[in-house]
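Engineer: For this one, chain A is given, so just place chain B on it according to the hints.
Residue strings, one per chain:
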Amino acid sequence: MKKKKSTVKLLSAKDRFFTYLILAWALIVALVPLVWLLLSSFKVDPLARPGFMLPESIYLQGYISTFRDLHVMRYFKNSLFVSVVSVVISVIMISMSAYVIARMEFFGRKLVTAALYSTMFLPATALTFPVYNLINKLHLYNTHGGLILVYACSGLAVSFFVIKNYYDNIPRELEEAAQIDGCNYFQTWFHVVFPIARPGIMTAGVLAFLNNWNEYYWSSLIVIQKEKLTVPALLATFSTAFRTNYNGLFSAMVVIILPPIVLYCVFSKFFIEALSGGAVKG
Amino acid sequence: MQKMKRSIFIFVFLLPTIVAFGMFYLYPILTVFYTSFCQWDYTNIANPTLWSSAELLNNYKYIFSTYPYFWEAVRNSVTWAFLGVFFQIPVATLMALGFSRKMKGIKLIRNIYIVPCMISSAAVGMIFLQIYNPTYGFINPLIKIFNSSFNDSILLLEGPAFWAMTGAYIFFTGTTTLLILGNIMAIPEEIREAALLDGSSGFSQDWHIVIPMIKGTLRTVSVLAATSGFLLYNEVYFLTKGAAGTYSISYIIRELAVNSPRAQYGRANTVAVIQVITGLIIIAAVNGIYGISFADLRRKLAKKGEKA
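Sequence order for the protein chains is A and B.
Quick note on numbering: the first sequence equals residues 191 to 472 in this note's numbering.
Quick note on numbering: the second sequence equals residues 85 to 392 in this note's numbering.
One chain only, chain A, in its complex shape (with noise of 0.2 Å):
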C-alpha cells in the first residue's frame, strides 16, 4: 500500500499533467457519442433540439415502441440463440482439438498447427462469395443454421491459442496418474483435463460470444429475412424503418447498445481478464 503512494508523489507535475490529460481524452471518447445518444433518445423531436441541447422534458415514447412495435426482444433472442449455439460448438470443437495438439505427438502435428494459425491471415471478406455459395448449396441460406456454422468455423485461431496456452500449463502428471486408474484417453480429458481448463475454454467463449453477438458482415450476408434478422443487422434497416421518427430511431439504438454494455458492467472483472489475456486485473 506505502509503495503505491510513493509512485504517485515520484511522478513530476508534467507528467501528472500528461496523465491527467490522457484519462480526460479516455472519458471524451468514451462517453460523448454515448451521452449524446442518450440525451437524443428522450426528446420528443430531436430536429428541434439538435446537438447537446438537453430535452424539454423526459419523453420514452420511443422506448415503449421499441419494444411493442419493433419486438426487440425477438432479435434479441435470435442473436443469443445463434450466438451461444455457435460458441459452444466452437469451443467444445477446439478444445477437443487443441488438447490432442498440446499433447499429443502424431504425423501431420506441425501442419494442422499451421493451418489454424494461418487462418489468422486469411480475411473472411475475401472468402465472400465460395462461403454464400456453399452456404446456399447446403440450403441453409436464411437461416439461423447457416450463420451458427459460419460462426462455429471462423474464428478458430484465436480460440485455438487461447485454450491450447491454458492445455501447455497444467502438469501432465495429472493425465498420467488417471491412466494409471484406467481411465481411457476420453475419460482422461473429460474429467481430468477439461474441468481444469475451463477457465481457458471459458475465456474463450466469452471472446468468441462477444465477436459472434456483434457480428455484422456475415450475418446480413446469409440471413435475410426481417424476423430471423440478429440484433447488428437489424440497425440495417433502421435509416429505412425510422424515415423520420427520430425519437424512435434514438431509442431503439439504445436499447440496442445496452445489452453489451450491462453485461459489460456486471462482469467487467472477467472481460478485462479475458480480453488482456488475463494479465490485466479488472
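Certain hints may be false.
As the list claims (entries may be wrong) - Derived contacts from chain B toward chain A, CB cut-off under 7 Å, selection only: (1) F95; (2) V199; (3) F230; (4) F234; (5) G283; (6) G286; (7) W291; (8) I293; (9) I295; (10) P296; (11) K299; (12) Y349.
Unchecked claim - Ranges of calculated distance between the beta carbons of each label pair, as one might list FRET restraints: (13) A:L217 with B:T163: 27 to 33 Å; (14) A:S202 with B:V103: 56 to 62 Å; (15) B:I376 with A:I218: 44 to 50 Å; (16) A:K416 with B:S288: 37 to 43 Å; (17) B:I275 with A:K459: 37 to 43 Å; (18) B:I376 with A:K416: 49 to 55 Å; (19) A:A203 with B:I229: 44 to 50 Å; (20) B:G372 with A:R388: 28 to 34 Å; (21) A:E295 with B:G106: 19 to 25 Å; (22) B:P345 with A:R388: 46 to 52 Å; (23) A:A203 with B:G329: 27 to 33 Å; (24) A:K459 with B:E274: 24 to 30 Å.
Derived by calculation from the structure, the hints in this document are not laboratory data.
Small disclaimer: the values here were computed from a predicted structure and weren't measured.
Virtual Cβ for every residue (Gly too), placed ideally from N, Cα, C.
Structural biologist: Frame of chain A, contents of chain B only:
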C-alpha cells in the same frame, strides 16, 4: 491395440476442427484463387469457365484498368491500414501508459474507456451516422463555430467524408490498449525501481524502459490494427455505402459478388485474391518496420549507455 486406440482418439478429436477448417477456409480460398481466372458472372452462375490461356488474366486486367472503384478502394484500405499502425497504436500505447499509473479512480476510467469496444461496430457506425447528420447531429454545430455558412452533410463531401469515416472508429482502441496494458503490468517491479534509482521516472521511464520491453506486444497489436483497418467494411456500409470516395476493398468484393444485380463472381474473387496478397504484404511490412525501428532504438540506447 493401445496404439490403434490412440490413433482413433487423435483422429476423432481432430476431425471436427479439420472439417471446419476445410469448409470455411481451405475450400473457399482454393475456389477464390481458381475462379479469379474464370469467366463467371450472373449469366453462368452454375458453371464458371476458365479463361483461355491468352485471356487468363482478363479479370485482373478488368479490375486494374476498367473497374472504376478499384484504385480508390485500394488507396482507402491501405491508408486505413497505415493509420492503424501509425495512429491507433501510438494512441493505444499512450492510453495504456496513462492507465498503468497508480492513481485513484484510474480503474474506473479504464473500464469506461473499453465500453465502446463492447458494442458492435455496426452500432457504432449507426451512432456516428446520427452524429454527422447535418440537421440534428453535433458535428455540424461544431464546424459552424469556425465556418458559419457550412450547411452540408460531411459524409457527402469528397475528402471530408473519408476522414469522418475514419473518425468514426479510429479512437476506439480499448481492447488494444488493454492488451498493451497487460504487457506493461507484467514488467517486473525491480526493473522500474532500478530505473527510478537512475533518475528515470514517468514518461521518460516509459520511453526508455517500458516501450522497448513491450515491443513484442506492440508488433502483434500493430499487425492486428493494420489488418482490421485494411479490411474495413461495416463503417463504409453504415456511413456512406461507398459514396464520396469512401469505397474499401472489402466493400467492392461484396458489391461485385452479392449486392449488384449483375453479380460478377469471378471478378469479385479476383479482388479477393488481391486482398489476400496485399494483406500478407502489409503484415510483412509491419513486421519489417518493427525490426528496423527497434534495432535503431536499441542502437541509440547502447550509444547513450556508452556515453554515460
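Engineer: Next, verify each hint and record whether it holds.
Structural biologist: Against the structure, the hints:
Proximity of F95 (chain B) to chain A is violated relative to the hint, the smallest CB-CB distance being about 9 Å (cut-off 7 Å). Evaluation of the V199 (chain B) hint against chain A yields a held restraint, the C-beta minimum of about 5 Å falling below 7 Å. For F230 (chain B), the interface hint is violated, the least distance from its beta-carbon to any beta-carbon of chain A being 15 Å, above 7 Å. Evaluation of the F234 (chain B) hint against chain A yields a violated restraint, the C-beta minimum of about 14 Å exceeding 7 Å.
Restraint check, G283 (chain B) versus chain A: the minimum CB separation of about 11 Å is more than 7 Å; hint violated. About 3 Å separates the beta-carbon of G286 (chain B) from the nearest beta-carbon of chain A, less than 7 Å, and the hint is met. The interface hint given for W291 (chain B) is broken, as the beta carbon of that residue sits about 11 Å from the closest beta carbon of chain A, more than 7 Å. For I293 (chain B), the shortest C-beta to C-beta distance to chain A is roughly 14 Å, which exceeds 7 Å, and the interface hint is violated.
With its C-beta approaching chain A no nearer than about 15 Å, I295 (chain B) sits outside the 7 Å limit, and its interface hint is violated. Taking 7 Å as the C-beta cut-off, the interface hint given for P296 (chain B) is violated, the closest approach to chain A being about 18 Å. Residue-level restraint check for K299 (chain B) is violated (minimum Cβ-Cβ distance to chain A is 16 Å; threshold 7 Å). The interface hint given for Y349 (chain B) holds, since its Cβ lies 5 Å from the closest Cβ of chain A, which is under the 7 Å cut-off.
For the pair L217 (chain A) and T163 (chain B), the beta carbons lie near 28 Å from each other, so the given range of 27 to 33 Å is met. The supplied range of 56 to 62 Å is met by S202 (chain A) and V103 (chain B), whose beta-carbon atoms lie about 59 Å from each other. Restraint check, I376 (chain B) to I218 (chain A): a C-beta distance of roughly 34 Å breaks the suggested window 44 to 50 Å. The beta-carbon spacing between K416 (chain A) and S288 (chain B), approximately 58 Å, falls outside the hinted interval of 37 to 43 Å.
Distance hint check for I275 (chain B) and K459 (chain A): the Cβ-Cβ separation is about 27 Å, which falls outside the suggested range of 37 to 43 Å. Take I376 (chain B) and K416 (chain A): their Cβ atoms lie about 52 Å apart, and the range 49 to 55 Å holds. With their beta carbons about 32 Å apart, A203 (chain A) and I229 (chain B) fall outside the hinted range of 44 to 50 Å. Between G372 (chain B) and R388 (chain A) the C-beta distance comes to about 40 Å, which lies outside the given range of 28 to 34 Å.
A C-beta distance of roughly 23 Å is found between E295 (chain A) and G106 (chain B), which places it inside the suggested range of 19 to 25 Å. Distance hint check: the CB atoms of P345 (chain B) and R388 (chain A) are about 50 Å apart, consistent with the given range 46 to 52 Å. The given range of 27 to 33 Å is broken by A203 (chain A) and G329 (chain B), whose C-beta atoms sit roughly 45 Å from each other. At about 27 Å, the CB distance of K459 (chain A) to E274 (chain B) agrees with the hint of 24 to 30 Å.
Comparing the model with each numbered hint stated earlier shows that hints 1, 3, 4, 5, 7, 8, 9, 10, 11, 15, 16, 17, 19, 20 and 23 do not hold.
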